[in-house]
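A.B. asks: Here is what each chain is made of, one letter per residue.
There are 2 protein chains.
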Amino acid sequence: MKRVGIMGYGNLGRGVECALKHSRDMKLKAVFTRRNPDSIDVKTEGVSVVSAADADKWQGEIDVMILCGGSATDLRGQSVEYGGMFNIVDSFDSHGDIVRHFKDVDRAAVNGGKLAVISAGWDPGLFSLARVYGQAVLPEGQSQTFWGKGLSQGHSDAIRRIDGVVDARQYTIPLEEAVKKAREGKASHLTAGEKHRRQCFVVAREGADRDRIRAEIISMPNYFVDYETIVEFITEAELVRDHSSMAHGGFVIRTGRSGWELQEKNVIEYKLDLESNPEFTGSVLTAVARAVCVMAGEGQRGCRSMLDIPPSYLLPQTREELLSSIM
Amino acid sequence: MKRVGIMGYGNLGRGVECALKHSRDMKLKAVFTRRNPDSIDVKTEGVSVVSAADADKWQGEIDVMILCGGSATDLRGQSVEYGGMFNIVDSFDSHGDIVRHFKDVDRAAVNGGKLAVISAGWDPGLFSLARVYGQAVLPEGQSQTFWGKGLSQGHSDAIRRIDGVVDARQYTIPLEEAVKKAREGKASHLTAGEKHRRQCFVVAREGADRDRIRAEIISMPNYFVDYETIVEFITEAELVRDHSSMAHGGFVIRTGRSGWELQEKNVIEYKLDLESNPEFTGSVLTAVARAVCVMAGEGQRGCRSMLDIPPSYLLPQTREELLSSIM
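Respectively, the protein sequence lines represent chains A and B. Mapping to my numbering: the first sequence position 179 is 242, numbers consecutive. Mapping to my numbering: the second sequence position 82 is 145, numbers consecutive.
A portion of the hints provided could be inaccurate.
The list treats identical chains as one, so a pair stands whether inside a single copy or across any two.
Below, computed lysine-lysine pairings styled on DSSO-like, alpha-carbon distance capped at 27 Å [said to hold, decoys possible]:
(1) Lys90 - Lys328
(2) Lys334 - Lys212
(3) Lys65 - Lys120
(4) Lys244 - Lys334
Hints listed in this document are in silico derivations from the structure and should not be mistaken for laboratory results. All values reported here derive from a predicted model rather than from experimental measurement.
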C-alpha cells in the first residue's frame, strides 16, 4: 500500500483525496497546508493535517507527494522545494514555461535522489498523450486542440479585476465550424480565437456602468479581444444557482494522410466530457503517482512527464492481467 | 537511420512501406516473402526482395523486422521464428490468444537476445491504450469498444465459404442506441451483438438459391446468429465499384464516476475514422518499430506490448522538443 501526501487542500487536493478513497493500492497518509492545520477538515479518517513548513519531517512517511497548488503562484517554487525531499507529481500547466520548470525540478530531484513527474492532468497530460500518439501514427498531418464547453478560471479572474465587477464566470466554447475544418484537416491556419467563443456571465455592482464593463471585457488583450465574446449580466443569486458547476472538457483532433502519395485521410479524435474538472484531474494525478512509485522503485531519478511513463505503470494490474483482460 | 525489414508483402506490408517512405529516421532495407521474390514488385527504389527462407542471412542488416502476416495462419509461428533472429513487431490480434503468444515470443526473444513488441495496431494497440488510460484515470467505470463502420475480413471470408457465393463483403456497424447507453455508463450488460449490426453484400452464382444463402448467413454461429444481420445481393461489378474501400474505424468509450460518493460522471471517447485500415495499421507498426529500436538500445530483451512503451519513444523528437512543442 503506497503512502501518499497531498500538498494543498483546495478543489484539486480534495479531488485527489476522492481518487485515493477509490484506489486499492494507495492511501492518503497526510495533507500538508500553508493554512493553520487546525482549520482544515479532511474527509478521510485517520489522516494527519500538517503545516507545510514541517513537510521535511515526513520524508520517511510519504512514498509520493501530490502537489495540488496552482501553476500561476505555487508550483514553480513548490515543485523545486519538495521535489528534492519527496517523489512528487505536479499539474504545472503554463505551456510556455514547461521546459524551464522541467529543468529546475530535474535538478532538484537529481540532487535529492528523487523522481518527479510534472505537468500531469488532462491538458497538459492526457491531451499531450493524444497529440503524441496522433503525431506518431499520422506524422503527415495536424493536431488541433479544442477546450470546452467549460469554465476558465483564468478568464473569470480577469473579468473580476475590472472595476464594478462583483463576480464573474467565463465559459470557453468550441466553434462547430472550426471543429468541422479540423476533422477535414483544414484548420492549421486557425487561431485559438477562430476556434473558440467566450461566454461571460457577470455580476455588476449596483449602479456600475455596464456598457463600460462590457467594453473593457471584449477589448481586453490576450484574454478576449481576439475572440467572439458574449457578455451577459446576471444577479449574484443567478450566478450561484446556475454557474457553480465544475464541468469541463475538450478534444484533440489529429487529421493525417497515409498512402504512397498521401492520398487517404485518417482522423483520430480524443474527447473528454467531465462533470468535475478537479476530481478528474485529481484522478489523473493519482494514477501518475502510482507510476512514479514504480519508476522510482526501478531506480529512476530526476524529472519526467507523462510522455515518459509506460501506460501499464498507471494501473495496479500485472502485465498478464492486462494482456488477458484489457489488451 | 534505422534499417527496417518487412516480412510479408500484402496490404499491410504495403501499408508499412508507405509509412516508411514518409519517415525521416527509418528506411526500408528489404522485403521478405514466401512467394517467388522475382514475382514481387516493391514501390521503394533500391530495396531487396528476399525469400523468407533466407531471412537468417540478413541478421546484421536489419535493425527491426515488421511482420505483416495474418494472425490466423502466420504470426503464431513467424513471430517465434523471427523473434529469435531479429527485433520484431507484429500485429497479432486474436485477443483470446495473446497471453500464450506473448509467452512463446518472449522465450524466443530472450533466447535470441532480441526485443519483440506483439499486438501492435489499433485493436489491439491504440484501443488497448485507450482502455488502459481510461481505466487508470476513471477506475470506477466501464469501457465499451465499438467497431466500424468498416469491412470485416473474417466475416467476409465466412460468407465466401457458403456454397453458391462468388464473393462477399461484410460491414460491421455500431448501433446508435448502444453508443448512447455506453456514454451514459449503462452498457455493461450489452453483448457485441447488441452493440453492432452486420451488413452483408453478396455476389451469388447464377441460379443459386438466394433464400438458402441468406438463411445460412443469418444463422451462422459466432459470426452472425447473435446479430441483426442484413443481406443484400449485388452483382460482381457493383461489388468492385462500391465495396473496394479499405475504410474502417471504431471507438472506445470509458464512462466513469468521480467524487467522494462517485456522484459525478466523466466520459472519455477515443475515436478512429480511417480511409485506409492497412495503411493506418502499417503506420502504427512503423512508429512501434521506432520505439523497439530505442528500447533494444537500452538493453531491453524479450517480449513487450504497446502498454510497455513510453509514448515519447514513438516519435523521433528529443524530450525537450516534445516538452516545448507538443506537451
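A.B. asks: If you test the structure against every hint from before, which numbers come out violated?
C.D. replies: none
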